[in-house]
Amino acid sequence: EAQVTQNPRYLITVTGKKLTVTCSQNMNHEYMSWYRQDPGLGLRQIYYSMNVEVTDKGDVPEGYKVSRKEKRNFPLILESPSPNQTSLYFCASSDFPGSNQPQHFGDGTRLSIL
Amino acid sequence: AQRVTQPEKLLSVFKGAPVELKCNYSYSGSPELFWYVQYSRQRLQLLLRHISRESIKGFTADLNKGETSFHLKKPFAQEEDSAMYYCALGFGGNTPLVFGKGTRLSVIA
Numbered sequence: 001e002a003q004v005t006q007n008p009r010y011l012i013t014v015t016g017k018k019l020t021v022t023c024s025q026n027m028n029h030e031y032m033s034w035y036r037q038d039p040g041l042g043l044r045q046i047y048y049s050m051n052v053e054v055t056d057k058g059d060v061p062e063g064y065k066v067s068r069k070e071k072r073n074f075p076l077i078l079e080s081p082s083p084n085q086t087s088l089y090f091c092a093s094s095d096f097p098g099s100n101q102p103q104h105f106g107d108g109t110r111l112s113i114l
Numbered sequence: 001a002q003r004v005t006q007p008e009k010l011l012s013v014f015k016g017a018p019v020e021l022k023c024n025y026s027y028s029g030s031p032e033l034f035w036y037v038q039y040s041r042q043r044l045q046l047l048l049r050h051i052s053r054e055s056i057k058g059f060t061a062d063l064n065k066g067e068t069s070f071h072l073k074k075p076f077a078q079e080e081d082s083a084m085y086y087c088a089l090g091f092g093g094n095t096p097l098v099f100g101k102g103t104r105l106s107v108i109a
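Residue numbers (my numbering), protein chains in the order written: chain P, 1 to 114; chain U, 1 to 109.
Because the hints were derived from the structure by calculation, they are not lab data.
Predicted, not measured: the structure shown is a model, and the values here were computed from it.
We put the beta carbon where it would ideally sit given N, CA and C, even for glycine.
Only true hints are included.
Calculated cross-link-like contacts (lysine-lysine; reagent style DSSO-like; alpha-carbon spacing at most 27 angstroms):
{"hint": "1", "chain 1": "P", "residue 1": "K65", "chain 2": "P", "residue 2": "K18"}
{"hint": "2", "chain 1": "P", "residue 1": "K57", "chain 2": "U", "residue 2": "K101"}
{"hint": "3", "chain 1": "P", "residue 1": "K65", "chain 2": "U", "residue 2": "K101"}
Here are some chain P residues the structure puts well away from chain U; computed CB gaps all over 12 angstroms:
{"hint": "4", "residue": "K17"}
{"hint": "5", "residue": "T20"}
{"hint": "6", "residue": "E53"}
{"hint": "7", "residue": "I77"}
{"hint": "8", "residue": "E79"}
{"hint": "9", "residue": "T86"}
Can you build the whole structure from these sequences, using the hints too?
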């Protein structure tokens, strides 16, 4: 089954404790991205990647890092999480580097930073 | 800058009433437009895209280049349509999609 898999689905942690949210897709998509979803603000893009070893900042990259060492994986790293990063996070992928193709989303990861 | 505007944060309608979720965009080129839906506690999923010109779950959307709009419509709302709806704009090339802030549709029985 074609899917985007995120882990963990839920995480409660404390300020400053490094964490990684994994994202993996099995559709051989070149384009992957991370979004955060907050009430009243909708979806905001954090980072995206057009291909292996190619990453770019989205609208709200501060406090986040990503890597794209393999085509299927695109982890989101919070080196020193803070409470304002408490949010619902979605990973997405699509075919071809570009925005014309519909995106496939993961189930989301709910992060709570205390 | 390219932008997508969904003017309503929340839209409440009665079951059986017509629904129109508004989406306006700012882009001078040929846009790719999408509607995504997110049911409660589920992932976002593609509802429809303008080039398909298809109807999904009774929803349709027509691109109006003159008004730069891509409103989502359904003639008779159902309770199961209650969800968050996002309009998204694509430009081609290596540019990410731009999402609107979303409209929460609540269908009241």
